[in-house]
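Quick mapping for you: the protein sequence lines, in order, are chains A and B. For the first sequence, the numbering used here gives the first residue as 53, with consecutive numbering after it. For the second sequence, the numbering used here gives the first residue as 145, with consecutive numbering after it.
Each statement offered as a hint is correct.
Just so you have them, the derived chain B footprint on chain A, three or more residues with Cβ under 8 Å: (1) 237 to 249; (2) 259 to 272.
From the structure, some residues in chain B lie toward chain A, with a derived Cβ separation under 10 Å: (3) Ala222; (4) Met264; (5) Ala306; (6) Ala308.
To be clear, the hints were calculated from the coordinates, so they are not data collected in a lab. Because the structure is a prediction, the values reported are computed rather than measured. Backbone N, C-alpha and C fix where the C-beta goes; we use that ideal spot for every residue, glycine too.
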Amino acid sequence: MTISRETAINVTLALVLLAMPFVALQLGKPFYVTLATRMAILGLAAVGLNLALGLGGLVSFGHAAFFGVGGYAAGILASHAFAGQPLNLGLFALPGTNQMLVVWSVAVLAGGLLAAAIGMISLRTSGVYFIMITLAFAQMTYYFAISWPAYGGEDGLSITIRNVVPAINTLIPINYFLVCYALLLTALLIFALIRGSRFGAALQASRQNELRVASIGIAPFRVRLVAFIISGMITALSGALYADLNRFVSPSMLSWHMSGELIIIVVLGGVGRLWGPVAGAMLFVVFEFVLGGLTERWQFFLGVALLAVVLFARGGLIGFLAGRMRHG
Amino acid sequence: MADAVLAVRNLCKSFSALKATENVSLDLKPGEIHALIGPNGAGKSTLIHQIAGTLAPDSGDIDFLGRPVGHLGVVERARMGLGRSFQVSSLAPEFSALRNVMLAVQSRQGSSFRFFRPVMRDASLIEPAMASLERVGLATRARVPAAELSHGERRQLEIAIALALGSQAFLLDEPMAGMGPEGSRSLTGFLDRLREEAPILLVEHDMDAVFALADRVSVLVYGRIIASGTVDQVRADPEVRRAYLGDPA
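If we strip away everything but chain A, and leave its shape as in the complex, we get:
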């Protein structure tokens, strides 16, 4: 069996990311464990976006909405658990929880429902209108969070003690990294399966030629909507992890900067490539940390890097290293 260049690069990326926190601990620099965790979580968020953007060609400028909703799901549930007050939803009350498995389920569900609502309306448009309408929806969630004093409003919401997973002590950074890393791998597996499936074929064909897909009797709208929902669910899960990493949720998770960063991550790494979002997230965090340490204007250099990718390496980092994508 021959291994393609892209597979070799993917395996290398997976191993580098996995080794990073262990090496950091050996070197006595525990802070780098947090950086690696941040890479895994942002990578996961971008895997979600890549499903819509890379496979479906849906340039969502509103994925911060799903990221933030996941974050608030974690924050709100944890704050109720900490205060010992049930969450009153009108018809019924829900106890708060500090169990991540519950938090993740709620985050994924909330992200999916929000994506269904946003997708139902915005997928009727295309091109620049789609970009603008997804942005508008995300900004609505942002201002909603700001004006909601019960959960911190503009100040955000702290998670006093990181939520827990049965049998794993998530307070130990390396353990929490491994939890995030495992979820990242799971999401990548789901992405790979979807890409190769009948659904994935219909989704990718809808990106390439909508009229052709309709003329053979497949409705592009329905395919895109389902893809958008799955995409929102994955990104919402990463938001919950992000909140628990920082032990803090704030409206900034919902802002358009976040949506933009997710797009930048996907583009840097390689649109539509399986490990593109992970490569992009690693690059992004390195930029943020290394250049951010040197200058406050590190985003200027990020812009230069993005420009270079768009002008000279359209396939992003993965495309640059592994060559053009093949469909079989």
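Following the hints, put chain B in place on chain A, whose structure we already have.
Then chain B, alone, in the frame of chain A:
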């Protein structure tokens, strides 16, 4: 006609002052090739768009397989078995020829919401798709991306897709356009046999092909059908000769 596969009655479509389709009626019977000819700008493609559902007529009825389909969209009409090839090839350019046809097979099986099984190891998709490609003579090019196929090969691929859909009727918009004489000849032979599977509404500029294939010909000029009948009837029609075929006298 009760037994027509496709029947268009009194179809009208205007773009502001321009009457692109003016009271057009025509039908397609089982086993026949009905050619639609006319000069450039006569409204042939506009008519095909209305039949396929990409364009809504201002008035008139379209029946397909005995059911009115005027209110249905492109997707529903395609699902009923209206197979279409485009004037300008319309394919998924990044996908191989095989994957383009496989998508049609999967649509016919009604199964586009399966998320996990890999298509490239799915014999129930690959085998029918290869069979369609073989019928149009494209089997050796199955793994080539559609974007890298020659112009003629893309036209063949469009027909392979329509075949794989199990179409009940074919709408072919200039399938010979841009093909060499050799390609036109072999496609003519192919369409001649294809009519037994499902009738064909053929828009075509290649008069040799039209006169060789058509059971009936309708001539469209300025959005109106000025003549309709057998090849001989239409060729003899004085108005057609004046408007389109070019009367030498």
